[in-house]
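Read top to bottom, the protein sequences are chains A and B.
Our numbering applies: residue 4 is where the first sequence begins, and numbers increase by one.
Our numbering applies: residue 4 is where the second sequence begins, and numbers increase by one.
Just so you know, the hints here were simulated from the structure itself, not pulled from any lab data.
Misleading hints may appear alongside valid ones.
One copy or two, either will do: identical chains are not told apart, so a pair holds if it fits within one copy or between any two.
Unchecked claim - With a Cα cut of at most 25 angstroms, we get these calculated DSS-like pairs of lysine-lysine:
no.	residue 1	residue 2
1	K106	K306
2	K6	K134
3	K110	K189
4	K106	K231
5	K58	K16
6	K237	K17
7	K123	K189
8	K189	K41
9	K134	K123
10	K56	K209
There are 2 protein chains.
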Amino acid sequence: MGKHFENLIAQVKKYPMKKISVAAAADSNVLSAVKEAKEKGIADAILFGDETKIKEIAAEVGMDVSQFEIRNYTDPIEAAHEAVKLVHDGGAEMYMKGLLSTKDFLKSILDKEVGLRTEKKLSHVCVFEIKGIDRLLFLTDVAFLPYPTLEDKVDIIANTVEVANACGIEMPKVAPIAAVEVVNPKMPATVEAAELTRMNEDGTIKGCIVDGPLSVDMALSHEACVHKNALDRKITGDADIFLFPDIHAGNIAYKFIVHTTEFLNGCILTGTKAPAILTSRSDSTETKLNSIALASVVAEHLKNN
Amino acid sequence: MGKHFENLIAQVKKYPMKKISVAAAADSNVLSAVKEAKEKGIADAILFGDETKIKEIAAEVGMDVSQFEIRNYTDPIEAAHEAVKLVHDGGAEMYMKGLLSTKDFLKSILDKEVGLRTEKKLSHVCVFEIKGIDRLLFLTDVAFLPYPTLEDKVDIIANTVEVANACGIEMPKVAPIAAVEVVNPKMPATVEAAELTRMNEDGTIKGCIVDGPLSVDMALSHEACVHKNALDRKITGDADIFLFPDIHAGNIAYKFIVHTTEFLNGCILTGTKAPAILTSRSDSTETKLNSIALASVVAEHLKNN
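Excised from the complex, chain A in its bound form (with noise of 0.2 angstroms):
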């Protein structure tokens, strides 16, 4: 593996330390995460919820909850309101979902008053680190929005290049894939990569340099472009963010990553005025970790942009 969330993490070490306010802390899942950001000096965290079963929890992940604010709300979705207020009105940098439903959780999100919401459309991005590939990679859509049209997609690309700018790279290369590399009428996600390229090529999309359709060997090998006589392509292997074409590709193309190959993942929400976690039950504590980290790098961004 290389060193790409290590090297995330110890530029997240040389920032001030953000703070997390979590919705509904009464999850051990969430406080385990919340626990092991705060000793590694990642991230500090604000406990909105039922006290009393937070501390019950906490002695049961072995947690010294005298180091973190609690905010006393029994009610999960009020306690959601006022974790995502204490964001919204800056008393933290990062949101986090604990023990509440996603859809209660994105409410919050979406709130017109307390809320995160920008003009643009949310999206989700999970940045990947694997085994044989020298750089991040960007997937996105693959666990929120299901159909993007192709005004979604213009969001997503905006959404997704800031979290690509807050790591560092400055002018990424988006790959709008899909099963071909050349337009086919007859598919729609060809017809409108070809498009979103048209729109970048115009200075509507901007930011990044954008290539598509293009198929994933092109997307992924330089070896590949070569085979199929294409390094008159502005992608040529280099790929940075792979923009899917429904959440079916997405999620599945994801899942299969996750688990055949040796890899480093982060995943966060991201078109909101602050970034949002949702870790799942079933990610490592490496993962949670590093996407309170990637969370933590793109707050630091919006904060200087």
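Starting from the structure of chain A, add chain B where the hints point.
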């Protein structure tokens, strides 16, 4: 790596040696593959095409062309017509694409008089042995059918079950995969996956166990099913056949596997009277030989069933 393809090739060598009928064989890529297949005792070949050119290219790739029967047809379409007819008439058990377009190759397969058409839709299957996974995975369709209908999917399952049977898997587990493992009325792929499961339960789809919609984590990892409290599913990390919702999902996942994992694979076209092989220029020699070996076990299976 396991020894799945090694065992498959060992199995092929126990059968009477099969013949490949090659359409428009004047292609270095294809001649190298049939040369190796013959040297390794995997298959023999009859070469249809421009005899002068075949002999020239054979010399270039160090092939003793006197060991092969050549039938001289300078027109590639005519060569394909005669090559497929030989398979149709029982003079060869496998059909292979040489230097002609995929479209013309398929046309010859679909020819009503001399082709290899059955009542079923043609489909493509790519068989993978991946480091860390203790069985062969059958991925379909990653290269051929763009947007299979429910009816097409029934055919794809039947075609692929036959290939799995030929590889020694008596009752393959079929996962119609999607982004999620539950039906979501807003996601047609999940609705069709549930319908395929129902058709398997009522006996319309036979010879396999279908369980969908299924997410890839649950199709690949027993542990993921434990995490998700889903041990009551028919597939709990042990799927053999991965049925993709469309070609984007299939091709994208396929190429991520090829470019990020340690693997062996072989691919054939099925749903035909005899297996057809289309190797790509960028395939490794090992992949080409595995494809021929795969076609051989399928040909043997068809002979006996």
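Structure-based check of each hint:
For the homomeric pair K106 and K306, neither the shortest alpha-carbon distance inside one copy (28 angstroms) nor that between copies (55 angstroms) is at most 25 angstroms. Taking the shortest Cα distances, K6 and K134 sit within 25 angstroms of each other both inside one copy (10 angstroms) and across copies (23 angstroms). With identical chains, the CA atoms of K110 and K189 are at most 25 angstroms apart between copies only, with a shortest distance of 20 angstroms across copies and 37 angstroms within one. In this homomeric assembly, K106 and K231 come within 25 angstroms of each other (Cα to Cα) only across copies, at 18 angstroms, whereas the closest approach inside a single copy is 45 angstroms.
Within a single copy, K58 and K16 get their C-alpha atoms no closer than 28 angstroms, and across copies no closer than 66 angstroms, so neither meets the 25 angstroms cut-off. Within a single copy, K237 and K17 get their C-alpha atoms no closer than 34 angstroms, and across copies no closer than 50 angstroms, so neither meets the 25 angstroms cut-off. With identical chains, the CA atoms of K123 and K189 are at most 25 angstroms apart between copies only, with a shortest distance of 23 angstroms across copies and 29 angstroms within one. Taking the closest pair of Cα atoms, K189 and K41 never come within 25 angstroms of each other, the shortest separation being 51 angstroms inside a single copy and 40 angstroms across copies.
For a Cα distance limit of 25 angstroms, the shortest separation of K134 from K123 qualifies neither inside one copy, at 33 angstroms, nor across copies, at 41 angstroms. With identical chains, the CA atoms of K56 and K209 are never at most 25 angstroms apart, being 47 angstroms at best within one copy and 51 angstroms at best between copies.
In this structure, the hints that do not hold are numbers 1, 5, 6, 8, 9, 10, in rising order.
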